[in-house]
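Assemble the whole structure, with the sequences as input and the hints as a guide.
For the sequence shown, this note's numbering begins at 13 and goes up steadily by one.
If you're looking for bench data, these hints aren't it; they were derived computationally from the structure.
Check the hints yourself; a few may be wrong.
Stated by the list, open to error - As a list, the in silico DSSO-like pairs of lysine-lysine whose alpha-carbon atoms are at most 27 angstroms apart:
#, residue 1, residue 2
1, Lys24, Lys140
2, Lys235, Lys24
3, Lys140, Lys110
4, Lys383, Lys140
Stated by the list, open to error - Here are the simulated distance ranges between beta carbons:
#, residue 1, residue 2, range
5, Val365, Asn56, 27 to 33 angstroms
6, Trp66, Val151, 26 to 32 angstroms
7, Glu53, Ala27, 34 to 40 angstroms
Note that beta-carbon positions come from the ideal geometry of N, C-alpha and C, so glycine has one too.
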Amino acid sequence: MKSVSTYIEIKKRKASHTIVNALEYILMLIIILEFNTILLEIKNASNYLSIFAWFVCGLLLCIGKGKKYFDPLLLFLLIGAIPPFLNIYHGTQLSYLKTFVFTLPVFFLYQSTRRINTISELFSPLLKFSNIVSVFAIVSIFYWFFATNLGMIQPTMMVPNDWAEFRFIPTYHFLYYETQEVTFMGYKTMRNSGFFEEGPMYNMVLCTALAVEFFLRPTISWKRIFLLALTIVTTFTTTGFIFISLILGVVLYRMVGKKNVLLKVFIIPFVFISLLSVSSLLVGDKQESGQSSLNARTRDIEECIMIGLKNPIFGQGLFTEKLQEDEGGTYGFSNSLFTLFADGGLYTVSIYVLSYAIIPFVHILKRRRLKWPFFLLSYFLLFSFTITMYNLLTMWILSLGLVLHRSRIGN
13 MKSVSTYIEI KKRKASHTIV NALEYILMLI IILEFNTILL EIKNASNYLS
63 IFAWFVCGLL LCIGKGKKYF DPLLLFLLIG AIPPFLNIYH GTQLSYLKTF
113 VFTLPVFFLY QSTRRINTIS ELFSPLLKFS NIVSVFAIVS IFYWFFATNL
163 GMIQPTMMVP NDWAEFRFIP TYHFLYYETQ EVTFMGYKTM RNSGFFEEGP
213 MYNMVLCTAL AVEFFLRPTI SWKRIFLLAL TIVTTFTTTG FIFISLILGV
263 VLYRMVGKKN VLLKVFIIPF VFISLLSVSS LLVGDKQESG QSSLNARTRD
313 IEECIMIGLK NPIFGQGLFT EKLQEDEGGT YGFSNSLFTL FADGGLYTVS
363 IYVLSYAIIP FVHILKRRRL KWPFFLLSYF LLFSFTITMY NLLTMWILSL
413 GLVLHRSRIG N
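The structure is reproduced here in structure tokens:
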């Protein structure tokens with residue numbers, strides 16, 4: 013009887029593990045689709061995806077059988093969400109509640125109660141995230157090469173798009189869209205934006221997956237890293253090129269080993285000079301082709317700082333996108349960090365900086381951990397140069413960083 017009951021218990025555990033894996037794949041797919049994909053052209057799609065994410069997390073909490081305790085930090089998150097709420101504008105209350113009262117606490121609750129014994133279990137949802145993104149990368153590379161550049165495949169239809177301006181764009185079976193033309197080194201082509209609204213958004217998802225592969229995957233797959241890096245190159249984004257250069261610098265640093273300290277000293281300035289060269293080349297090329305956004309980004313940052321300094325503690329109000337007084341345009345179109353300062357002040361910025369920078373930096377100094385702290389720092393870099401303050405992906409990694417403040421699992 014004991015052997016039969018043991019057999020049944022093992023079967024139940026396997027079934028539960030299979031269901032949890034499937035639900036985490038669904039959750040990661042929802043997070044990707046919500047990250048400024050063309051799917052969001054559908055009315056209220058973002059709200060539906062957020063609610064679906066809460067529902068999946070609820071199922072995971074019921075099935076996962078994780079630790080049953082209440083983390084005090086969750087209470088601080090809920091209480092801390094009250095002051096900014098009193099400062100938001102009319103009509104944005106639901107967006108605020110969805111993001112900071114439901115999504116962030118629900119993600120934090122699930123990640124803090126998961127049963128974690130190994131590094132693979134700790135980051136298993138993000139490993140699934142990278143698996144899905146790798147499949148999308150194969151699809152987009154295929155269409156970008158054979159359809160966009162060689163013209164061997166014709167668009168299946170034209171669809172309306174209202175991202176920067178209303179226009180019709182070609183799509184290939186709704187798996188790949190041609191959204192942005194780019195001139196690079198005198199060659200005109202289309203950015204590989206996959207099924208995202210624009211290249212920079214797709215680039216951030218790809219760079220996040222690349223960081224997962226390099227810093228979180230227990231066994232590095234160089235084929236997968238090459239695939240993601242190649243896809244990043246085809247997005248033709250300055251952030252993507254710089255990010256790849258940084259990853260290559262870390263690769264070289266690791267390859268040198270612990271004994272060749274002198275060689276490591278030379279690698280650091282080499283990587284720094286290479287980054288400056290790549291950045292100068294990209295910026296110069298965009299200026300020559302009339303596509304430079306450097307001045308606009310600089311002006312945007314200055315505008316965000318000026319607005320934030322009017323109320324440095326709580327900002328002017330989250331989710332506002334208030335019109336600029338001087339030129340009648342909108343601010344906060346170039347980066348997340350300064351936009352958060354303008355909208356939510358130092359109070360809101362501190363949550364993001366704590367999770368993405370302070371917590372990993374403390375672990376590097378105190379416990380000599382490198383891999384997952386470097387992942388969070390790399391996401392902080394991507395986050396700072398892309399508008400993703402309130403996306404599900406940002407909330408997921410934000411909650412992960414807050415959970416890792418008490419993690420004792422090593423690299």
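Range hint 34 to 40 angstroms (beta carbons of Glu53 and Ala27) holds or violated:
holds (38 angstroms)
Between Lys235 and Lys24, is the straight-line Cα distance small enough, at 27 angstroms or below?
violated (35 angstroms)
Would the pair Lys383 and Lys140 pass a check requiring their Cα atoms to be no farther apart than 27 angstroms?
At roughly 18 angstroms apart (the allowed maximum being 27 angstroms), Lys140 and Lys383 satisfy the hint.
Restraint status (C-alpha distance of Lys24 to Lys140 at most 27 angstroms):
Answer holds: Lys24 to Lys140 is near 22 angstroms, not above 27 angstroms.
Taking only the CA atoms, is the gap from Lys140 to Lys110 under or equal to 27 angstroms?
holds (24 angstroms)
Val365 versus Asn56 beta-carbon gap, inside 27 to 33 angstroms or not:
holds (31 angstroms)
Evaluate the given range 26 to 32 angstroms for the C-beta pair formed by Trp66 and Val151.
holds (28 angstroms)
Of the numbered hints given earlier, the model fails hint 2 alone.
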